[in-house]
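Asks: Protein chains in written order, with the working numbering: chain L, 1 to 326; chain B, 1 to 287; chain F, 1 to 315.
Rather than coming from a laboratory, the hints here were simulated on the basis of the structure.
It is possible that part of the hints are untrue.
What the hints assert, rightly or not - Restricting the straight-line Cα-Cα distance to at most 20 Å, the calculated cross-link-like pairs of lysine to any residue (SDA-like) are: (1) L/K123 - F/Y304; (2) L/K203 - L/E218; (3) B/K170 - B/N202; (4) L/K203 - L/R89; (5) L/K123 - F/R229; (6) L/K123 - L/E135.
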Amino acid sequence: MPLLDVQNLFIRIGRGESAIDVVRDISFSVGSGEIVGILGESGCGKSLTAFSVLGLLPQGLSAAGQIKFDGRDLLSLGEQDLCALRGNRIGMIFQEPATALNPVQTVGDQIAEPLRLHTGMGKREARAETLHLLERIHLPNPRAALDVYPHQMSGGQRQRVVIAMALACRPSLLIADEPTTALDTTVQRQILDLLLDLVDETKSGLLLITHDIGVMAEMTERVLVMYGGVIVESGPTEKIITDPAHPYTRALLRAVPQRALGYDTWLESIPGTVPAPSERLRGCLFRSRCSLAGPECEVQPDLIPRGPDRVAACWRLPQVDGSVPA
Amino acid sequence: MTTIAEPASEARRRIRLFRYPGLTVGGAIVATVVGATLLSLVWTPYSPLTMNMRQRFQGPSLAHIFGTDQFGRDVLSLLMVGAQNSLAVGIVAVAIGLAVGTALGLFAAARRGWVDEAVMRVCDFLFAFPAVLSAVMLAAALGPGTGNAMLAIGFYNIPIFARIARGAAKGVWVREFIYAARTAGKGAVRISLEHVLPNILNIIVVQATISFATAILAEAALSYLGLGTQPPAPSWGRMLHESQVFLSRAPYLSIFPGLIIVLTVLGLNLLGDGMRDALDPRHAQGR
Amino acid sequence: MKLSLLHRLLSWAVTLLAVTAIVFLVLEILPGDPALVLLGPDAQPDTLAALRLQLGLDQPAYIRYGAWLAGMLHGDLGTSYTYGIPVTELIGSRLKVTIPLALLAMSLAIGLALVLGIYAASRHNRPGDYGVMAVTQIGVAIPSFWLGMLLILFFSLTLRWFSAGGFPGWEAGFWPAMRALLLPALALAVAQAAVLARVVRAALLDVLGEDFVRTARAKGLTRAQALRRHALRNALIPVATVIGLQFAHLLAGTIVIENVFSLPGLGRLIFQSINQRDLMVIKNVVVFLAAIVITVNFVVDLFYLAIDPRLRHAS
Chain L
1 MPLLDVQNLF
11 IRIGRGESAI
21 DVVRDISFSV
31 GSGEIVGILG
41 ESGCGKSLTA
51 FSVLGLLPQG
61 LSAAGQIKFD
71 GRDLLSLGEQ
81 DLCALRGNRI
91 GMIFQEPATA
101 LNPVQTVGDQ
111 IAEPLRLHTG
121 MGKREARAET
131 LHLLERIHLP
141 NPRAALDVYP
151 HQMSGGQRQR
161 VVIAMALACR
171 PSLLIADEPT
181 TALDTTVQRQ
191 ILDLLLDLVD
201 ETKSGLLLIT
211 HDIGVMAEMT
221 ERVLVMYGGV
231 IVESGPTEKI
241 ITDPAHPYTR
251 ALLRAVPQRA
261 LGYDTWLESI
271 PGTVPAPSER
281 LRGCLFRSRC
291 SLAGPECEVQ
301 PDLIPRGPDR
311 VAACWRLPQV
321 DGSVPA
Chain B
1 MTTIAEPASE
11 ARRRIRLFRY
21 PGLTVGGAIV
31 ATVVGATLLS
41 LVWTPYSPLT
51 MNMRQRFQGP
61 SLAHIFGTDQ
71 FGRDVLSLLM
81 VGAQNSLAVG
91 IVAVAIGLAV
101 GTALGLFAAA
111 RRGWVDEAVM
121 RVCDFLFAFP
131 AVLSAVMLAA
141 ALGPGTGNAM
151 LAIGFYNIPI
161 FARIARGAAK
171 GVWVREFIYA
181 ARTAGKGAVR
191 ISLEHVLPNI
201 LNIIVVQATI
211 SFATAILAEA
221 ALSYLGLGTQ
231 PPAPSWGRML
241 HESQVFLSRA
251 PYLSIFPGLI
261 IVLTVLGLNL
271 LGDGMRDALD
281 PRHAQGR
Chain F
1 MKLSLLHRLL
11 SWAVTLLAVT
21 AIVFLVLEIL
31 PGDPALVLLG
41 PDAQPDTLAA
51 LRLQLGLDQP
61 AYIRYGAWLA
71 GMLHGDLGTS
81 YTYGIPVTEL
91 IGSRLKVTIP
101 LALLAMSLAI
111 GLALVLGIYA
121 ASRHNRPGDY
131 GVMAVTQIGV
141 AIPSFWLGML
151 LILFFSLTLR
161 WFSAGGFPGW
171 EAGFWPAMRA
181 LLLPALALAV
191 AQAAVLARVV
201 RAALLDVLGE
211 DFVRTARAKG
221 LTRAQALRRH
231 ALRNALIPVA
241 TVIGLQFAHL
251 LAGTIVIENV
261 FSLPGLGRLI
271 FQSINQRDLM
281 VIKNVVVFLA
291 AIVITVNFVV
301 DLFYLAIDPR
311 LRHAS
């Protein structure tokens, strides 16, 4: 049984008839010690998916379907049970370390907080454990860092603190939402290495949300590519990089070298933009930007097997050997 | 699709009408008060100054819906005429605060640096004098009167307008069309008047509405203390002061003038908040 | 930190000096002849001349101003014209009413505002929130002196739980004195509480939208815990500013409220002094009240340094 098993997850804004699905029918799983990536442009629903696992969707959004963690369905748990899991069995690493930390509380207190909340440690014990955590995340001068405020640290150091906070109670699942996006390139490298080491060491599962193909290629074993709230392709990372199936994934990969030329993002390099949830009609959402689009794309494609462990949602792909035609 | 779209937009239109209930309710209250005040210039149910000792302390009735006071005067008529005083003090006081404060704020934003700093320090300083305190000083120096109340409340409003104008104007000064105006060779004064002021006007108008409400409260307090409008001219605060002696005998004498003040201030505040929400939808949704 | 502290201390002193200058200007220069103010327009010329000499009005203005300041530094504010006792003594005895009244009102206002503001923020965009907002909207619109009259009407004249005014003095014991201050403090507090509750709510909503509150929730804190431990302290920064500004209003409000409830405090003193044209008392009490306002704002500045480490380390 996988550590985290998400089945037919829907996330919707609003209630009743005017409700809009921003994430539609996605399924995936993360095993212990496994790193699974969700790749997509901003607005594709990948962060919402991560937050739905913690039960921390913004107000007005609700999730339906099944999110099983350790055999328990998180969507049917009460707030109290969820609080007992958050920060304890599931740790979350955020995108923006500058704002993810409380500016008026010392770093030490902030890391000690989940320890005191979930493990019943006393003040002194939690402080000792915090020091240990700071050493583990290779913060220079960890003892001094205990009593320092976030604004006195560099961005990379802050992100290490956020990671230490997520790790504090030795969670079996880590969720990292764009953990390196806000950091300099050299610091990105160090943070990614740290995450790899930690997963290797603790054998926890890692769900890594990113828009960066480089990060995804380096870190993850399996990847889900999301577009407009649905999964358009998923499979082993290596296979998807060397042989992308879905036209969207292909466009993404083609766009990668352009970053080296100095473009900020690769978004501009695919013509068009992601349709807003309210504009999403029937059919394949990518068809307006797709070079292969044809009349059959007016109907939404299912995820069709594309070889071992691989699926892609596109009508226009040639049949692949070994796959069972839909 | 189109058949569904029709009722949906209908519903949306209805929502928009109720989106700023404060604006509608506040506007209606203010319009009523202003209307009654204007009416009092030409007509009141009874003569507000004629005493009638046989009609003293008449409780609310059809003839006198708010009753009569210790001199047998009709309370409604007194309130209507008293409104002239409240509105006049409010208008002049806000005008003083608005004119001087906005000018100071525009000046500070245009000059920046030490001028800006100096203007803000002056504002801090003025904040140390709440309206009642300035009114006390002016009354001591020049004797109490309507003019002093206007001045005191006006002074109190200066730093409020100065800060708001400065903050908003600073936001405008960094916009592109200002650079365009500067490259066209326009001076700071001209830019402030032609480009900055029109862009901050809506914020100023909203503040004027809210300041008007506080001015009416302050005027009532001052005339309650006898530092504002002097008898025999009727004023809301004065009426409340005189009614206090008869609190147990004729409580309605204290209740109605107070309710009118609350209603007027409430209406102005609702109107001001409503305008702010309508002008800045972000504000309306968020908080 | 030392530098910013020094800076604030300096601006506090300068503001205080400016206050004395303005008060002197308005009360001693503006009316033309203070002796005339003291004695009123019907005064006899020879009485006027005698008083001028007694008050040192034959001296030039800057010397009188200097003497006033020098006296202030020595704790000598002159002698009241009507009461015939030193103004310091007069202020001191009246402060025993005004300061407890203001503090009681402020605590009531802060307590009420925190309860209402936190409740409204935690029920954001739900009926409870709308209810609180409507109540505060009305609270802001109620004149404090009128509320005082209503409280007297209801609690004193109808229920007879409190006396309708007056002050038994602290000699009568702590509780009887507090009892006399409760209704006036409540009358003062309601409007301030309404304003402050809105500020608390808005500040909390601002902070609740911040990432670090989400972080706190991701650590496993409940909504209420996240609000208490993380949002509240950050929200206190804007709230403290408003409390500082409100204290000025509150102090000014005591002038009105003490007259409603006939409390022998500074406000009543200043009001009586106007009627008695006791310039010596007026000018010193006005300076005193303004000085309290300025000092409170100065303390609020210090409070920022204590609450926000970012300011502490800023050079």
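Asks: Hint by hint, work out which the structure violates, then give me just those numbers in ascending order.
Replies: Hint 1 is the one this structure does not satisfy, whereas the remaining hints hold.
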